[in-house]
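J.: Here's the letter readout for the chains.
Number of protein chains: 2
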Amino acid sequence: MDRFSEHFRMDEEAIRVYVAEKLKLFGNIEDIKVSEIGDGNINYVFRAEDIKSKKSVVIKQADKLLRSSGRPLDVDRNRIEAEVLKFYGEVASDYVPKIYHYDEVMCALTMEDISEYENLRHGLMKKKIYTNFAEDITTFMVNTLISTMDIVMNPWKKKEDVKKYINVELCDITEKLVFTDPYTNHFGTNIVLDESSEFVKKEIYDDEELVFEAGKLKYKFMNNPQSLLHGDLHSGSIFVTESKTKVIDPEFAFYGPIGYDLGNVVGNLFFSYIHSDIVMSDEVEKRAYLSYLETTIAEIMDKFTEKFGRAYDEKVIDPMAKNPLYKRWMIASILEDAAGMAGTEIIRRTIGDSKVKEIESIGSIEARVYMDKFLILLGKSLIKDRYKIKTGKDYVALIDKIKKLI
Amino acid sequence: MDRFSEHFRMDEEAIRVYVAEKLKLFGNIEDIKVSEIGDGNINYVFRAEDIKSKKSVVIKQADKLLRSSGRPLDVDRNRIEAEVLKFYGEVASDYVPKIYHYDEVMCALTMEDISEYENLRHGLMKKKIYTNFAEDITTFMVNTLISTMDIVMNPWKKKEDVKKYINVELCDITEKLVFTDPYTNHFGTNIVLDESSEFVKKEIYDDEELVFEAGKLKYKFMNNPQSLLHGDLHSGSIFVTESKTKVIDPEFAFYGPIGYDLGNVVGNLFFSYIHSDIVMSDEVEKRAYLSYLETTIAEIMDKFTEKFGRAYDEKVIDPMAKNPLYKRWMIASILEDAAGMAGTEIIRRTIGDSKVKEIESIGSIEARVYMDKFLILLGKSLIKDRYKIKTGKDYVALIDKIKKLI
Numbered sequence: 001m002d003r004f005s006e007h008f009r010m011d012e013e014a015i016r017v018y019v020a021e022k023l024k025l026f027g028n029i030e031d032i033k034v035s036e037i038g039d040g041n042i043n044y045v046f047r048a049e050d051i052k053s054k055k056s057v058v059i060k061q062a063d064k065l066l067r068s069s070g071r072p073l074d075v076d077r078n079r080i081e082a083e084v085l086k087f088y089g090e091v092a093s094d095y096v097p098k099i100y101h102y103d104e105v106m107c108a109l110t111m112e113d114i115s116e117y118e119n120l121r122h123g124l125m126k127k128k129i130y131t132n133f134a135e136d137i138t139t140f141m142v143n144t145l146i147s148t149m150d151i152v153m154n155p156w157k158k159k160e161d162v163k164k165y166i167n168v169e170l171c172d173i174t175e176k177l178v179f180t181d182p183y184t185n186h187f188g189t190n191i192v193l194d195e196s197s198e199f200v201k202k203e204i205y206d207d208e209e210l211v212f213e214a215g216k217l218k219y220k221f222m223n224n225p226q227s228l229l230h231g232d233l234h235s236g237s238i239f240v241t242e243s244k245t246k247v248i249d250p251e252f253a254f255y256g257p258i259g260y261d262l263g264n265v266v267g268n269l270f271f272s273y274i275h276s277d278i279v280m281s282d283e284v285e286k287r288a289y290l291s292y293l294e295t296t297i298a299e300i301m302d303k304f305t306e307k308f309g310r311a312y313d314e315k316v317i318d319p320m321a322k323n324p325l326y327k328r329w330m331i332a333s334i335l336e337d338a339a340g341m342a343g344t345e346i347i348r349r350t351i352g353d354s355k356v357k358e359i360e361s362i363g364s365i366e367a368r369v370y371m372d373k374f375l376i377l378l379g380k381s382l383i384k385d386r387y388k389i390k391t392g393k394d395y396v397a398l399i400d401k402i403k404k405l406i
Numbered sequence: 001m002d003r004f005s006e007h008f009r010m011d012e013e014a015i016r017v018y019v020a021e022k023l024k025l026f027g028n029i030e031d032i033k034v035s036e037i038g039d040g041n042i043n044y045v046f047r048a049e050d051i052k053s054k055k056s057v058v059i060k061q062a063d064k065l066l067r068s069s070g071r072p073l074d075v076d077r078n079r080i081e082a083e084v085l086k087f088y089g090e091v092a093s094d095y096v097p098k099i100y101h102y103d104e105v106m107c108a109l110t111m112e113d114i115s116e117y118e119n120l121r122h123g124l125m126k127k128k129i130y131t132n133f134a135e136d137i138t139t140f141m142v143n144t145l146i147s148t149m150d151i152v153m154n155p156w157k158k159k160e161d162v163k164k165y166i167n168v169e170l171c172d173i174t175e176k177l178v179f180t181d182p183y184t185n186h187f188g189t190n191i192v193l194d195e196s197s198e199f200v201k202k203e204i205y206d207d208e209e210l211v212f213e214a215g216k217l218k219y220k221f222m223n224n225p226q227s228l229l230h231g232d233l234h235s236g237s238i239f240v241t242e243s244k245t246k247v248i249d250p251e252f253a254f255y256g257p258i259g260y261d262l263g264n265v266v267g268n269l270f271f272s273y274i275h276s277d278i279v280m281s282d283e284v285e286k287r288a289y290l291s292y293l294e295t296t297i298a299e300i301m302d303k304f305t306e307k308f309g310r311a312y313d314e315k316v317i318d319p320m321a322k323n324p325l326y327k328r329w330m331i332a333s334i335l336e337d338a339a340g341m342a343g344t345e346i347i348r349r350t351i352g353d354s355k356v357k358e359i360e361s362i363g364s365i366e367a368r369v370y371m372d373k374f375l376i377l378l379g380k381s382l383i384k385d386r387y388k389i390k391t392g393k394d395y396v397a398l399i400d401k402i403k404k405l406i
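Residue numbers (the UniProt record's numbering), protein chains in the order written: chain A, 1 to 406; chain B, 1 to 406.
Treat each hint with caution, since some may be false.
All copies of an identical chain are treated as equivalent in the list; a pair is satisfied when it fits inside any one copy or across any two copies.
Derived DMTMM-like pairs: lysine to aspartate or glutamate, alpha-carbon spacing no greater than 20 angstroms straight-line [what the hints assert, rightly or not]:
(1) K98 to E175
(2) K355 to D74
(3) K163 to D76
(4) K355 to E112
(5) K403 to D103
(6) K163 to D74
(7) K322 to D206
(8) K373 to E285
(9) K163 to E83
(10) K164 to D74
(11) K357 to D39
(12) K390 to E13
(13) K246 to E195
(14) K373 to D277
(15) K322 to E13
(16) K52 to E160
(17) K54 to E36
(18) K388 to E209
(19) K286 to D94
(20) K64 to D74
(21) K216 to D206
(22) K216 to D313
(23) K157 to E169
(24) K126 to E209
Everything labelled a hint here was simulated from the structure, so no lab data went into it.
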């Protein structure tokens, strides 16, 4: 029996042995340098490099206990992540790291090292510009999402897939932290500044219509296996260089409504927007950067719609869906979901317990309160008016509309 | 190794041995009388009686080949049926036969003999009256359907359940024969009288809006695991005495939209209606029977709505669903689905290949053509106007409205 025939949580030294003896990668074990690079709150991520050849890989291991809280979490998420990344490799290979090995026993995924890419959230906080991002991420989403719809793929295979990707525990996290607590504080996880608490009460908890609309979105999240989603496609799951884009971490993947992925991508860009608006001091630079973000937001929506429509014509096999009215309805309903899900993402990241860095990094209480107001009103508008927010222009127009309300 | 350690299709003699030796039921094997009683096109059903004690059971066996066509069909449907009947026994025990034994190897289900009950479709064709039927079937539906919604049950368990009840092959049958072919004749399975074919072309195949709306209902059937459905709740799956009701044959069970079960129940009663209207000659008796059917149709809708609403208040645990707006929306959307699904059931049973006896038994071409017209226009109206067909009164009002159109 080898050392890796039973699951244990690996440290840097164990990873070194794992890479050399189990994976048989690189040359001499003495030349392998391992460093932990992960900072998520769920898993452990290492980079292993052969210092002679300069070749490197990344190894992501799932532990049986949640990294942040120590509570147990099913390692099945690791199998799901491995399978989804393999699937992404088939339909969107340019936009994901290559998978070299998946170890069911150790719950360890060995993949391409994409260290030259930067976390999109961090890059945007440094006010970098990624000109291909809207193009890339919409191609990624359209390719991955349309090909797992049952109007496109064999419905038999799709149902087997739905079964394979039932993701009980990670969906539960989303259902609670995205779709329940922000509107009810039912589990008591919200974290709200004292200075914002009255605003949150009035604008969220006491807004019965908002809670109702968010409830409908929760129901849709739970009861609409439309397509195989990434399930956590915020700016921290996306890595970029100036010209390239990679998506990682699909461990929340499950069959759900397409709008959830699209809404996460576009929703998260508003954090960059308000962050830039607050922290950038040079007015010319600020105007240029905000304009870049507006363009990116608009392009994501419009390119998605256009590419999805084109792929629809090419790929749909269900005779009942080959109908122009049906196509229009399907796209409209995805866009409606996307606006709503962008809204729920914005609200939960603002008042829930998984705040984004764009918010947490702001020290001034006054600025934080302004941010809270902007994001809450924006999220509300996206949720309540989702029926009419469809084009890139609609999204950009929201920004000024909300600013005037504060 | 016993004789029943490997699956084979049992005949009456094998069932006799099975009952005595495998199930160890009854006394002497010589006293066991077996007769095949099934007439479905999927499985084999036997009644075994101990002629001394007069005790009896029913045994339903699934074969690996479809009874009607000989093509292979996954016997997993038998496991699903056994599990669903057990579940029904927990939440609606008065309305299902008791399950005595489930044999995974032989795919055989041994259950209570309900020979004193009559197939509802046959009973209604004999113009019998079942005064408790609306009461019973609505209690059955509300109890079974609400308790498997994820706003009521633990969402973790619900997701495991969704997985357990993925029913690939039988859903495929419904998707093709209920939701595709009637509108497109894509698979060429429709069977239409020459005298009706022009009407069918004009009113169905060429009605783009109808095909679109039916497509939306198909999509809902495939992409909305709202609740554990019976999945085939037509009048032939319901057995009745003057005062009691039993539901059988849930092998099409899967997680789908509640309206599909409700729509099947109510939709099938319109076949009885038009059949009675055509075959009954005594005007007084006819008027009384049609009035009984109208009352039953109306009561099913209204009692379902009322009981579902009451159960909702008692059972819902999701904090986001404890909201009067949400409750109203949920019930309205179920009723909308029910009307649409009643419409698709009526149309597929009229022009598809699984016609109901109420239609097939009519010899006169003239009467058949009238029936076709009535049922097609009724089905269309239920599908297209489903947003506004909600109460029992709405359903009953449709009858006169449609008659005036012919």
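J.: Please flag the earlier hints that this structure goes against, numbers listed from lowest up.
T.: 1, 2, 4, 5, 8, 12, 13, 15, 16, 19 and 24
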